[in-house]
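Protein chains in written order, with my numbering: chain A, 1 to 276; chain B, 277 to 560; chain C, 561 to 987.
The hints are all genuine.
Label-pair restraints from in silico Cβ distances:
1. C:K741 x B:P414: 19 to 25 Å
2. B:A359 x A:G48: 30 to 36 Å
3. B:V347 x A:G104: 31 to 37 Å
4. B:A545 x A:L50: 41 to 47 Å
5. B:F370 x A:N135: 44 to 50 Å
6. B:I298 x A:P189: 27 to 33 Å
7. A:G48 x B:V347: 37 to 43 Å
8. C:E854 x B:L352: 47 to 53 Å
9. C:Q691 x A:G104: 51 to 57 Å
10. A:G48 x B:A355: 34 to 40 Å
11. A:G66 x B:E327: 48 to 54 Å
12. C:A874 x B:L362: 54 to 60 Å
These aren't lab readings, by the way, just hints derived from the structure by calculation. Just so you know, even glycine gets a beta-carbon here, dropped at the ideal spot from N, CA and C.
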Amino acid sequence: MTNKAGFIRTSITVLCAILFILPLWWVTVSALRPENDIFRYLSPLSWGTLLPLNFTLEHVVELWSGPFRQAIMNSIIVTSVTIVFGLAICSMAAFALAVIEFRGRTLVFIVMVVSFLIPFDAIAVPLYQTLRNMNLQNTYVGLVLPGIGNGLAVFLLRQFFLGIPKELREAAMIDGMGWFGVFWRIYLPLSVPALISASLILFVFQWQAYLWPLLIAPAPEYKGAAVAIAQFSSQYDVNYSLIFAAALFISLIPMVILTVFQQGFSASVASTGSKE
Amino acid sequence: MMQRNKLLVAMAFLAPAVIAVIMLRLWPAVSAVHESLIAPGATSYSLENYEYIFTDPVFLQSLRVTLIFIVVVAPLQIAIAVALALLVNAAIPFIGLWRAIILLPVAIPQSVSAVVWGVAFRPDGPVNALLVAAGLDPQRFLTSPDQAMGSIIVIVSWIGVGYWMTFILAGLQDIPKSLYEAVRIDGANRFQQFWYVTLPQLRRPLTFVLVANTVANFLVFAPVQILTSGGPQGSTNLIMNEIYTRAFVSGDRSSALAATVVLVAAVLAVVLVQFRMMRSAEDK
Amino acid sequence: MTFPKLGQGVSLAVLAMTLPLLGAGQVVAQQTVVNFLAEAADFVYAPVIEAFEAANPDIDVRYQQVPFEDLNAAIESRVGQGDSSIDVFAVDTPRVPAFASRGYLPDEEANRERIVAAVPNPVDQEQVSWQGKIHSFPMWTSTQLLFYNRDLLAKAGIAEPTPSSPDDRLTWEELLDLAKKAQEGGAEWGFTFQQVDRYYQLQALFESAGAGPGLTGEGLLTPDLTNEGWVKVATWYRDLYEAGISPRGVSPNQTNDLFINGQAAFFYGGPWTFGRFEEAEGLNYGVTYVPYFEGGKPVTPTGSWALSVNPHAANAEAAYKFVEFATLTAEGAYKTTESNPLPPVNAEAYEKWRAPGAAPAPQVGPALGLITPEVQDTAGGRPPPPGDVGLGTGVKRGVFDPPDGPGRQAAPAAAPGPPASQLARIR
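Only chain A is shown next, with the shape it has when bound in the complex:
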């Protein structure tokens, strides 16, 4: 790639990134300015539209000294646990569906696919009853459970596993490796990008989760960030300053994680290299 082509590519990429981040930039600016300034500079466009002219940290401080800290912690806990357990069971299921040839495989796969077609909101109420009967309301377990059996993640991993040549497995099994060994020593290490993508799916599901946590864990100690942020809107007044300050934190954390993983993306694939 010539320098000029590289330069053009970089410029376009940066431009796209800027376009994408504009709305979030506005949110950041709004969180860092007095409440009455938020809607003051919308039009005509001026410096004030994109720069926090009367900079203040009061809303950020107010937010962080309240129960929102706990809410973010809860979201992090629930999401991390979901990712760990979710990856484990979804990758195992995907392995079975992609690699082990058994009767009824297609049927199970269809069941998996159907499961993520069902809008979660539609089953939230009956699901709530089931978990409540198991006394799981206001627990972390109740919050995590619906997130770990993710048909979409299974689907993704299965697609990826299908692309790994059968010969690798056959060779290993001739050498005496069992199924679990094949899974653990061959398929998983080759699938780091897919595992990262699957983590992304699990992450988004839990980080954004709103109706479910509201139903199953409304107690203040268990509130997650997405629910907490909604509580800055009351019937009569919406505290945009706090909402945007909270949005700032809710975005910063994934931002950091995503950046780190994105770098990891290229690095890991560079090492797996050609699959021949």
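Fit chains B and C to the supplied structure of chain A, relying on the hints for placement.
Chains B and C alone, transformed into the frame defined by chain A:
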């Protein structure tokens, strides 16, 4: 004997996920279907709820709007996602940061994204300010029956495109360089490399993205609920919003569930067709 | 504050998950727990909960907040499915008929005498009634005021409205003209509703024009949206937007800022906004009675929250104690408004509320002279039957948002409003 062993092993691998999916997704869904077969105030099963929704012009319009939405949005978002993936599949300085930025909108609570874009599209908002500065007329966007859907499409795409891009990027990086070298030796140009190497190799990730994207688009809800409530004149009354309105605003739970069953059936049909399509592409 | 790494995070998480499980099933010695679900921020109910727990040390009231938009969903799901984990919940009074007809609100006729004694205003009683029976304990009420920007009016040469009595108020027609004049004088927008598109505010306009509740016939389940009154209001509403007096597309929560930033000359909103208006530097504003339609009568929106006990509550006795404290006793009712600028319906508590110096926000004080007659005399309840729920949506679709633009009445054949079929499903 081998077959039996294999089955047992497969079951062992599948058990936790299948149990989770059945208990936490399918079983509640069965209960929802069950409720949809009972009309309000009745004790026996009937198809009354289904008759009701299929004769309700509001529901039918909602179905129409949703289907048109899917047909327009899916190719649009996937094309953009592929383009972006190709763009960022390079070792540019800070590439991790740029990719993360494009991906970030999906991790923001949808309520916040909706509010921010709602502000952007206000009659006195920044988008109109830009248009006016460029000498064009200010537009009505979310309050215009002709533009509201387009505005929603912009919002939903901003949220999701980075997400889809990530999966395609993973697929791109999985393509062995040797394949490209092979065709380059045969004199293929950039476009031909894309057509003969990249696209076929992307078939599996693309299948995933196509199906997942379609499902996600069928289920779009938050921006509609927050910004337009399905209006103006039902032009943005996507089906999830319609179901929500039925269930929680009109309090008509059983017809909402009937509508949900119809939705799932529709999505399943579309998805099966897509699987077929992608499979036959392989045989070529 | 550091975030634990993944490994630590997992062990932390496992620990965190098991701790609550250990705690579950162990009853704290001799304390009955009352779970209270409502929409307001914690600080609103904190004073009354504190006062109640002080008087009843064996009862522990646990407050759970659910955002307004989702409260109905939460109530439908939990109370509607027989969940006993909520004991007390707040009911938005427009929802009382719908919830009562579905059995979520037990009939409180046994307590009627005490409720009527504490809350003598029949409009307030009606707010929590269905089919003549009381189904909830009324707590707060609300009203609306007309705010105006003194500077913008002065610039346009408009005299400030200074009515000598509640009867001497502006008409909506007059307001429209004044709003136009204000715009000619430089205001960006002449007038805006606070809760744009919400039936709560607009219903009072329809009532004021004599349009009726929009429903008629047996059980009030037949739509009646094409009479003269409705046409009058719809036409007025249409003119408002077509003449560019009000902005389209500004969501209800952002309208306050239009007024604060000096962009709107007249503003129709609730007394809860005083706090923000006072904080706004450079905002020189005044308050007056809301307008009415010429030939009609003044009507103000009313109704707010009431408290109910879940018919499946785990601790009904304690729950009733709390609800009665918060609504029927003057002390409890007053406490519920200590951190909250809404007037209580409890008559004794109201007197205390409006006593000079006792007002929750100092700015509300001067406006009390306006609020009291509105709450007592002009308050207009929302339409009674369960059909009102479909009505709100139907009116929205047919009147505010019909094919030709806001306010344009569809032909009688295609009358707006909830179709008879939808109303027929209410059984």
